[in-house]
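2 protein chains.
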Amino acid sequence: MKDNYNKNDKKLSWKILESSSLYNARIFQLRSVLKQDAGGRKASFVSLDSPDWVTVIPETGEKDFLIVRQYRHGTENVSMEFPAGLIDPGETPRQAAARELLEETGYTADSLIQIGCVSPNPAFMTNYTYTFLAKGLSRVSEQNLDEHEILDVYKMPYKDVSESIGTGTFASAITVQAWYFYRKYSGDC
Amino acid sequence: MKDNYNKNDKKLSWKILESSSLYNARIFQLRSVLKQDAGGRKASFVSLDSPDWVTVIPETGEKDFLIVRQYRHGTENVSMEFPAGLIDPGETPRQAAARELLEETGYTADSLIQIGCVSPNPAFMTNYTYTFLAKGLSRVSEQNLDEHEILDVYKMPYKDVSESIGTGTFASAITVQAWYFYRKYSGDC
Numbered sequence: 002m003k004d005n006y007n008k009n010d011k012k013l014s015w016k017i018l019e020s021s022s023l024y025n026a027r028i029f030q031l032r033s034v035l036k037q038d039a040g041g042r043k044a045s046f047v048s049l050d051s052p053d054w055v056t057v058i059p060e061t062g063e064k065d066f067l068i069v070r071q072y073r074h075g076t077e078n079v080s081m082e083f084p085a086g087l088i089d090p091g092e093t094p095r096q097a098a099a100r101e102l103l104e105e106t107g108y109t110a111d112s113l114i115q116i117g118c119v120s121p122n123p124a125f126m127t128n129y130t131y132t133f134l135a136k137g138l139s140r141v142s143e144q145n146l147d148e149h150e151i152l153d154v155y156k157m158p159y160k161d162v163s164e165s166i167g168t169g170t171f172a173s174a175i176t177v178q179a180w181y182f183y184r185k186y187s188g189d190c
Numbered sequence: 002m003k004d005n006y007n008k009n010d011k012k013l014s015w016k017i018l019e020s021s022s023l024y025n026a027r028i029f030q031l032r033s034v035l036k037q038d039a040g041g042r043k044a045s046f047v048s049l050d051s052p053d054w055v056t057v058i059p060e061t062g063e064k065d066f067l068i069v070r071q072y073r074h075g076t077e078n079v080s081m082e083f084p085a086g087l088i089d090p091g092e093t094p095r096q097a098a099a100r101e102l103l104e105e106t107g108y109t110a111d112s113l114i115q116i117g118c119v120s121p122n123p124a125f126m127t128n129y130t131y132t133f134l135a136k137g138l139s140r141v142s143e144q145n146l147d148e149h150e151i152l153d154v155y156k157m158p159y160k161d162v163s164e165s166i167g168t169g170t171f172a173s174a175i176t177v178q179a180w181y182f183y184r185k186y187s188g189d190c
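Chains as they are written, first to last, in the working numbering: chain B, 2 to 190; chain G, 2 to 190.
Be a bit skeptical, because a hint or two may be false.
The list treats identical chains as interchangeable, and a pair is accepted whether it falls inside one copy or across any two copies.
As the list claims (entries may be wrong) - Okay, derived cross-link-like pairs now, BS3-like style, lysine-lysine, Cα gap no bigger than 27 Å in a straight line:
#	residue 1	residue 2
1	Lys12	Lys156
2	Lys156	Lys11
3	Lys16	Lys36
4	Lys156	Lys136
5	Lys12	Lys36
What the hints contain is simulated information worked out from the structure, not anything from laboratory work.
One chain only, chain B, in its complex shape (with noise of 0.2 Å):
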């Protein structure tokens, strides 16, 4: 048990010896990272290169919030979720949110406001995933998907997200954690 913080990471941390790609998937890549501690031991751990993700939160004048619903292909079922995505190559973060935004729910917002970023999962993701509010919402247009994406969207009112979200299929880590940024961007968390 330590009093305080420290900063010994010294002693925790791992140098990089070699890294070798393993497997290349469309939307990540698998490589394996020969590494050597402190006290010399070597050891060779598995990582997921991704592209860092995007989480939308589209809040309207009405406090409700647009929420896709969509099949996904990990735990295999429909699941409910703010609009989101990989951000692609040359884009920042917010372009990435505002096409994003766009392409799922066909709208648009004046403001796009930063109010997270974290690792999905420090232990074997080598990504970072943002989470932007949108406010001053209006509808210019259809959805424009990707291949192979199909969507349903909705408006929630505040209190439905609030009761529901992490519980049932509206329960993606992600999800939540973008909400928790969203409670405490709103001074009530």
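Keeping the supplied structure of chain B fixed, place chain G upon it in accordance with the hints.
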């Protein structure tokens, strides 16, 4: 835009045709799954199979929290998180929570209350991550760590957790979503 959260799952869903292993890592298996949607279209998707995970929020009688600080091989830095780990074969989530708490901190808990269960990422991960609140803590032993684990353990007051979680190196999405469940369970979020 749909008026209500209807359950037109058939239109959204894909049927599994074939599944094959791409790579076996120690903590997960990468699989390729050939699927077919309601319109007859076929496509292959990569999914990552992992045992379910568990996160424990250890709260002392003084409303301090036990936090672990460790090097993480994904983000390649020293990360602050609540104690967490994989659920071993044959373990219940609660048993895994008790084991991880003891191994990482040397503490046992009088009560372990499940306060959340979500998918880490429904897009490509097949597993779920449980959150437990641990109360009635007693220090019973030294840490008993897995191979390659080196952790520092801290007590952090509620105010410090609340202010710093989701920022700097205290920024794992899994730790943030766990904290949301804690705040919700405590009635202040």
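We went through each hint and held it up to the structure:
1. Taking the shortest Cα distances, Lys12 and Lys156 sit within 27 Å of each other only across copies (20 Å), while inside one copy they are farther apart (50 Å).
2. In this assembly of identical chains, Lys156 and Lys11 lie within 27 Å of each other by CA distance solely across copies; the values are 21 Å between and 49 Å within a copy.
3. In this assembly of identical chains, the alpha carbons of Lys16 and Lys36 lie at most 27 Å apart only when taken from the same copy (5 Å versus 41 Å across copies).
4. Proximity of Lys156 and Lys136 under a CA criterion of 27 Å is satisfied intra-copy only: 14 Å inside one chain copy versus 38 Å between copies.
5. In the homo-oligomer, the alpha carbons of Lys12 and Lys36 lie at most 27 Å apart inside one protomer (14 Å), although the nearest pairing across protomers, at 47 Å, exceeds that limit.
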